[in-house]
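Colleague: Here is how the chains run, residue by residue.
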Amino acid sequence: MSATTSRAGRTTAGIDYSKLIQPDRVHGSLYTDPAIFAEELERIWYQGWVYVGHTSEVPEPGDYVRKSIGPQDLVMTRDKDGQVHLLLNRCAHRGNLVCEDARGNSNSFRCPYHGWTYRNNGQLLGYPYNQGYGGKGKLDLAMGSVPRVESYRGFVFGSFAHDGPSLAEHLGPAAGEIDRLAALSPEGEIELNAGWLKHRTRANWKLLAENETDGYHPQFVHGSIFSVTGSPIGALYSDKSTAVTRNLGHGHSENDLRPEFRNFAEPMRWFGTTESRVPEYVAAMRAAYGDDAERILIEGAPHVMIFPNLFIAEIQVFVIQPIAVNECIQHATAVQLRGAPELNKRMVSQSIGSVGPAGMLLADDTEMYERNQHGVEQLRPEWLDLSRGMKRERVDERGLTIGTATDETGMRGFWSNYKQLMEEGR
Amino acid sequence: MNDKNVHGVVIGSEFAEIGVIVDDEGNGPRLRLEDRRTGRVRHVDALELEAIIWLPEGHLRQLLDPSADRWREDIGR
Chain A
601 MSATTSRAGR
611 TTAGIDYSKL
621 IQPDRVHGSL
631 YTDPAIFAEE
641 LERIWYQGWV
651 YVGHTSEVPE
661 PGDYVRKSIG
671 PQDLVMTRDK
681 DGQVHLLLNR
691 CAHRGNLVCE
701 DARGNSNSFR
711 CPYHGWTYRN
721 NGQLLGYPYN
731 QGYGGKGKLD
741 LAMGSVPRVE
751 SYRGFVFGSF
761 AHDGPSLAEH
771 LGPAAGEIDR
781 LAALSPEGEI
791 ELNAGWLKHR
801 TRANWKLLAE
811 NETDGYHPQF
821 VHGSIFSVTG
831 SPIGALYSDK
841 STAVTRNLGH
851 GHSENDLRPE
861 FRNFAEPMRW
871 FGTTESRVPE
881 YVAAMRAAYG
891 DDAERILIEG
901 APHVMIFPNL
911 FIAEIQVFVI
921 QPIAVNECIQ
931 HATAVQLRGA
941 PELNKRMVSQ
951 SIGSVGPAGM
961 LLADDTEMYE
971 RNQHGVEQLR
981 PEWLDLSRGM
991 KRERVDERGL
1001 TIGTATDETG
1011 MRGFWSNYKQ
1021 LMEEGR
Chain B
263 MNDKNVHGVV
273 IGSEFAEIGV
283 IVDDEGNGPR
293 LRLEDRRTGR
303 VRHVDALELE
313 AIIWLPEGHL
323 RQLLDPSADR
333 WREDIGR
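So the sequence lines, in the order shown, correspond to chains A and B.
Residues are numbered in my numbering as their position in the first sequence, beginning at 1, plus a constant of 600.
Residues are numbered in my numbering as their position in the second sequence, beginning at 1, plus a constant of 262.
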């Protein structure tokens, strides 16, 4: 029996993603339909690898931090043996929230409702007045946990699927971008311990994910911060730029600005400064990496969106948390490079200037996200165009598709992966 | 207790809040621990602290069972 179409892509048999997602355009309902959002949670957020937190946020045994996978409330813990766990923040008794604080140190957690107590690996230690259950240890219950937890250079990802691709397979070439970031530390390690800002945003999460490597918007949306700070970054996102937008596969993408920085060959230009302003950092890098330090200091940090929620924007890390079809939270923090206190101070102050409460970068983007959400809720035209640069895409020496700095190559990679995940096994 | 002898801190989390003072009132120092949510106080001397340090993990976990001591049907408060 053939299904009947009631509206674009919506049939009596369900949602037909092949109709909604086409090579050069996507349908507006992808950002507004609660049924699609519900399916995304099941197929993307509760199946695939999702970034959760960084091991530097729980440096000591007993440390814990509240985290999330979409609307799921998680507690990331480090047990006495040093292992990191992702627990669902829910008591096995009556489902109450177990941990309320954003962070703390406790080897065990006590639910405030009836006093059930757990180890920080989720194991039930006991419950008050145990005769009501026939004595001690009579219940085979525990806090829920995310079944697969893997980390890459301290970046911890979780997957609710018991089986599936490894994290290394999921990351693919995007892992190299995390390596690039870590290489900016004289000790080769990143820390995300500067504290997090949370921005509630009335927009669908995909508008953010797409925007992160959209090189077409910065000169318009971020013109004010570029002019106030005298930043040379704006010019990198022009049609004359030699920078490229790269589809890294699995929905990941980047704006690779290295070709521009190599042309200038000035260490620290990527950071908007010169090496004379950060002499201790540059000296530490040269001591650590020798001749290769020059290349690292010239090429700078990555600008990469790791599907579905981790955005490394040179000096900041953003995490996108979807809450509802038209709402998400952006979590932002400054990157901290181990062994680089001189640069880390500047990382924090630059981050405050761009994503802080009075910051000039994220506020501009968020204004666009919310206007965009309002716009896609209008009925006509039904589609969003994705065709920019389609006809001038190339394949690079690694076999990855690249476009120019302002092309929508990253978005097309995002949607290609999204479509595959939403259709898999249907 | 003389003020000069009070070196208090609070070891607190969302789960418990304990006031810790080094108590020099006796002939030797000891810790004065106060459960700030109930006011219950216990003094712990050096030998008792050593015993806590040497408790096997499994033993400590047993003590954390709410029914182990504090919340038991057969013990009056």
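Treat the hints as calculated values from the structure; they're not laboratory data.
The reader is advised that the hints may include incorrect statements.
Which stretches of chain A does chain B cover? Using the computed rule of at least three CB atoms under 8 Å from a CB of chain B, they are [as the list claims (entries may be wrong)]:
no.	stretch
1	698-705
2	719-727
3	858-865
EDC-like, lysine to aspartate or glutamate: derived pairs with alpha carbons at most 16 Å apart [said to hold, decoys possible]:
no.	chain 1	residue 1	chain 2	residue 2
4	A	K738	B	E319
5	A	K736	B	E335
6	A	K798	A	D673
7	A	K736	B	D285
8	A	K736	B	E296
9	A	K680	A	D701
10	A	K736	B	D331
11	A	K680	B	E319
12	A	K619	A	E1023
13	A	K1019	A	D673
A short, non-exhaustive set of chain A residues, derived as facing chain B with CB atoms under 7 Å [claimed, not checked]:
no.	residue
14	R710
15	S876
16	G956
Positions of the beta carbon are idealized from the N, C-alpha and C atoms, including for glycine.
Colleague: Once the shortest beta carbon distance from A:S876 to chain B is found, is it less than 7 Å?
Modeller: 45 Å, violated
Colleague: Does the alpha-carbon distance linking A:K736 and B:E296 stay inside the 16 Å limit?
Modeller: 28 Å, violated
Colleague: Check whether the Cα positions of A:K680 and A:D701 lie no farther apart than 16 Å.
Modeller: It is violated: about 20 Å lies between the C-alpha atoms, which goes past 16 Å.
Colleague: Quick check on A:R710 please, does its C-beta sit within 7 Å of some C-beta on chain B?
Modeller: 5 Å, holds
Colleague: Please work out if A:K619 and A:E1023 have their alpha carbons no farther apart than 16 Å.
Modeller: The given pair, whose Cα atoms are some 11 Å apart, holds under the 16 Å limit.
Colleague: Closer than 8 Å, Cβ to Cβ, for at least three residues: run that test on the stretch 698-705 of chain A against chain B and report holds or violated.
Modeller: That given contact holds, which follows from 5 residues of the stretch 698-705 of chain A lying within Cβ reach (below 8 Å) of chain B.
Colleague: Hinted pair, alpha-carbon criterion (16 Å max): A:K680, B:E319. Please report holds or violated.
Modeller: 10 Å, holds
Colleague: Against chain B, does the stretch 719-727 of chain A show at least 3 residues with beta-carbon separation below 8 Å?
Modeller: holds (count 4)
Colleague: CA of A:K738 to CA of B:E319, is that 16 Å or under?
Modeller: 21 Å, violated
Colleague: If you draw a straight line from the CA of A:K736 to the CA of B:D331, is it 16 Å or shorter?
Modeller: Given that 16 Å is the threshold and the Cα spacing comes to 12 Å, the pair holds.
Colleague: Taking 7 Å as the limit, does the beta-carbon of A:G956 come near enough to a beta-carbon in chain B?
Modeller: Because about 27 Å separates A:G956 from the closest Cβ in chain B, which is outside the 7 Å limit, the hint is violated.
Colleague: Given the hint that A:K1019 pairs with A:D673, test it: the Cα-Cα distance must not exceed 16 Å.
Modeller: 26 Å, violated
The structure fails hints 3, 4, 7, 8, 9, 13, 15 and 16 (numbered hints given earlier, in ascending order).
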